[in-house]
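Q: Starting from the known structure of chain A, fit chain B onto it as the hints suggest.
Protein chains in written order, with our numbering: chain A, 1 to 219; chain B, 1 to 219.
It should be emphasised that the hints constitute simulated quantities derived from the structure, not laboratory data.
Everything numeric in this text was worked out from a predicted model, so none of it was measured.
Chain A regions said to be covered by chain B (calculated; three or more residues, Cβ under 8 angstroms):
1. 42-48
2. 74-88
3. 105-112
4. 142-151
Simulated restraints on C-beta separations:
5. B:Asp-41 x A:Leu-54: 22 to 30 angstroms
6. A:Asp-29 x B:Asp-19: 28 to 36 angstroms
7. A:His-24 x B:Gly-79: 35 to 43 angstroms
Even for Gly, the Cβ is constructed at its ideal location relative to N, Cα and C.
Number of protein chains: 2
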Amino acid sequence: MSPTARTTPTRGRHRVVTDREQLHALLEDALLAHLGVVVGDHPLVLPVAFGVDLAGPDAGGSLYLHASVAAGWLDRAAGADVCVTVTELDGLVTGRSAFHHSMNYRCAVVVGRARLVTAEDERLRALDLVVDHMVPGRAATLRPSTRKELAATAVLAVPLAEASMKARAGGPGDDPDDVATGTWGGHVPLRWVAGPPVPDADCSTPVPADVLARAAALR
Amino acid sequence: MSPTARTTPTRGRHRVVTDREQLHALLEDALLAHLGVVVGDHPLVLPVAFGVDLAGPDAGGSLYLHASVAAGWLDRAAGADVCVTVTELDGLVTGRSAFHHSMNYRCAVVVGRARLVTAEDERLRALDLVVDHMVPGRAATLRPSTRKELAATAVLAVPLAEASMKARAGGPGDDPDDVATGTWGGHVPLRWVAGPPVPDADCSTPVPADVLARAAALR
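One chain only, chain A, in its complex shape (with noise of 0.2 angstroms):
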């Protein structure tokens, strides 16, 4: 992890995660990233699909968004200072006292010059890896995507090096005072399922084993 005064965070310095191997795990495991953009007079903050490469041309390596050309924030994003941050909730924490409630969490925050892609092999790439990100493998087993679709899709590169991240596990730091009372104080575990995969009703051939191993890997 390479922070600057940009991603130091200011507080609960023991939550601090200095491990980049568990910052790639987080990068992994996460389907949504929330993507902030400065626009006119304010930030925006947006949902958004999201790939991976540790090996891409950024500093630390790439993490690719893509989005329709004609969405209204793209031009203030590329070539612009974003933030995308990946939060995954693990629990709530429910301590003894309101001050000592909390959230379970991982979460990964990385601030870097958006790089509008342009050269035709890392874009094919780039959208390769958000497929797969989704569903690992899927990509490859799908049609090429058109000159059309191609021409309709952006795809942003963030490098990852200017990142920090911050984690929580486990119950409350509650108060001794409090702890002594004998009031109940502990931790709600939070994860992510997936339901079965829902063919869409003009369907007969069976689910895809990339699709089927996905939910199974939420289950």
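A: Structure of chain B alone, referenced to chain A:
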């Protein structure tokens, strides 16, 4: 919903939800928000707990956030325009082409001037709302916060007036040509589940009803 230019989606208009009750329902369901703040030369996006008071003093109702008074971003948020985005991921859309892969989700984007709450009664009420948002009914079961705890906690209110919501559900919007090939297409539903509450090791009292109910609601 009273969208302004700042909260009018530039594309995907068919996914825009204009019913304010659906926005309110999403805010009630979701446990986590992502707060966007402009810090110096870049946006910063952080995961935050939140509470909602639809009858709060801000236009459209009040969304409340809390923070340590030591949080580095607090000074940049108080009095500034921020973005609070709440996203629930409902599924992976596994289309017959890369282009028609997507996600099912409900997402609210709120842009507004963050107000540092200073009146003590509103602060106390907001902190109760944040705790009750995690575990409904829990605030009333806890001891009152101490003066020291309250002095360490900042509360921000964001008006809910300027908001937009988008949602997607169901299977892929595949091209008829791809459907005709017989290739499989569909979606994978995703949802949160809670595990059984985990009491602290030193805890001999039974799990309180509010915590049990919270976990049971996510089963």
